[in-house]
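K.L.:
What follows is each chain in one-letter form.
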Amino acid sequence: MIKVENLHKSFGKVKAVRGISFTVHDGEITGLLGPNGAGKTTTLRMLYSLLPPDEGKILIDGLDPTTNAMAIKRTLGVVPDSRGLYTRMSARENIAYYGRLHGMGKRDIDLRIAELVETLDMDDFIDRRAEGFSQGQRVKVAIARAMVHQPQTVLLDEPSNGLDVMSTRALRRYILDLKDAGHSVVLSTHIMQEVAALCDRIIIIADGLIAADGTAPKLLARSGCETLEDAFVKLIGTEEGLLA
Amino acid sequence: MSGFGTVYRKEVRDNLRDKRSLFNSVLLGPILFPILFIGLAYFAGTKQQERAEQVLEIPVIGAGHAPNLVLFLEQQGVVIEEPPSDPEAAVRAQDEQVIIRIPSEFPEQWKAGKPAVVELIADPSRRESDIPMQRVRGLLHAYGAQIGQLRLQLRGVSPSIQTAVMVKDVDLSTPQSRGMMVMIMLPYVLMITAFTGGMHLAIDSTAGEKERKSLEPLLINPVPRWQIMLGKLSATATYAFVSLALTLLAFRFAFPMLPTGALGVDLNLGAEAIGGILLAVAPVVVLAAAMLTTLAALAKSLREAQSYMGLVFLIPMIPGLIFMVNPMKPETWMMAIPMFSQNLLIGEFVRGETVSTLWLALSMGSTLAIGFAFTALAATLFSRPRVVFSS
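If you read the sequences in order, they're chains A and B. Take the first sequence: its position 47, counted from the start at 1, is 47 in this note's numbering, and no numbers get skipped. Take the second sequence: its position 142, counted from the start at 1, is 142 in this note's numbering, and no numbers get skipped.
Pairs of lysine to aspartate or glutamate, DMTMM-like flavour, derived with a Cα cap of 20 Å:
| id | chain 1 | residue 1 | chain 2 | residue 2 |
| --- | --- | --- | --- | --- |
| 1 | B | Lys-19 | A | Glu-93 |
| 2 | A | Lys-106 | B | Asp-14 |
| 3 | B | Lys-300 | A | Asp-81 |
| 4 | A | Lys-3 | A | Asp-213 |
| 5 | A | Lys-179 | A | Asp-200 |
| 6 | B | Lys-213 | A | Glu-93 |
| 7 | B | Lys-19 | A | Glu-131 |
| 8 | B | Lys-213 | A | Glu-131 |
| 9 | B | Lys-213 | A | Asp-81 |
A few chain A residues facing chain B, derived, Cβ under 10 Å:
| id | residue |
| --- | --- |
| 10 | Tyr-48 |
| 11 | Leu-50 |
| 12 | Leu-51 |
| 13 | Pro-52 |
| 14 | Val-78 |
| 15 | Val-79 |
| 16 | Pro-80 |
| 17 | Asp-81 |
| 18 | Arg-83 |
| 19 | Leu-85 |
| 20 | Tyr-86 |
| 21 | Thr-87 |
| 22 | Tyr-98 |
| 23 | Gly-103 |
| 24 | Arg-129 |
| 25 | Ala-142 |
Read the hints as simulated data drawn from the structure, not as lab findings. Yeah, the Cβ is synthetic: ideal placement off N, Cα and C, and Gly gets one too.
Work out the full structure, taking the sequences as your base and the hints as a guide.
P.N.:
Here is the structure:
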């Protein structure tokens, strides 16, 4: 469960987030939808305690990231916007490194990687060095290393960026599996279809503010539109960023 | 502290796989520097010997004014050559190294028993003419002395009467302390190695991590940032230390190959000296790793980090250069200056002297203190949210 109240963050003169409040419930997939530069990544970065908020309050399962960063980092699984791998190490070594950083033992790590290899279908490249991996393979490794410690809450920043159709389908199936296993998932995206296909709740962010918050049918009703795409355009009041 | 250990082991192993950088930063120095030393020593030694044994071919102007002097020179093995038309120009153009001019007043002065002037035309600023000039001067002195003695004896005076004071050199320098070139170069090479050995790892593990976009996910792990930074810094120091130890070992085997006769160098790098030097320089490795990590954490990109590293090269050079220009006698207060004190201490170790514990402790303590200050600075830089963003 994530509670966010009146979050603010500026970088110099640029006000990236200007008062965002929302709640994420367990066992749901929540989508942060918004055009590029709306403040999605900044909001997520404050959630996983990379950036301290200028103002406002965050509680993740009752813990505050500004005072309890280490505890929060243990409960979160994060696939950030940056998902660089160590190219001189194999996929397995990349994942195991994160397991050790989480304080896991060698046996636990081995077992967990075996599970992840199966669910994410990484059999043919798990022991290859990450040099020259495809985008899809890289995202899989980034997800696996974020999930190695079996976090309750999962944050994904634009997870399908740069993926082809097949990889995107596999990714969506995986996210739905996570929900079925009882995890709560927050994902940011600017892709409408992704939200429509996955999310139980949609939070539309534009220009650092929340433009709308609710289930897909509720958003459609509120905007009086036929399709989510029209609703989205109407709710954020511009077509900017949709083509990106 | 398990996070620290995990980061440390990962950086050491990961960078071991970067074979080319590993070779350049850790192994190239230990291979190249000793070869450079031996090569230089051989070159200098053989050149010196060559010039000392070469037949002197000296043009003499006005040979007719002093036939006996010319005869004496010929008896001493000098080949007398025809003088060029413009002797000054010939020396300046390096066609000739030394030319003797016997002025027309020579016979007159000679007969009158006055000091007869003989001119030596040479350019002493050219180092290659040093030895022929000294040889010619020596021969002319010998001739002058010989004639002077004969004159005194003819007048019934003992030649020794003109030697009021006789200077006798009592040489206290051991063969070790004569190895000046090695004494100046070795500390310098070791200081450089302390910096270069870990340079690549420092860049790769901070600025490189930023560039690869793997720093942000790394920092999301539940490990305090100072531990991550310390792991990277320690891996940097480890690489530098290994490179340093290998360099010293390589020199240990290279020293016996130095042409000792030609240079008067007979230095020993025994196990004790190596141990002492490693102990004295280890704090420099810590200081260097902390400085490199600080700079790399400041840099926004790999390129920027690399441009800083060029400047870092200058730091270990400064004390070495001061020492080269102005060799000083080691004093206690100098031991408080990082890198300079190690320069002096390495000299003491190589000369085979006993190094006072106070000096060693002072040198290590002061260097470590500054090293820790830089470590704290690096940790602060690493804790800023900004460290993640490359631009």
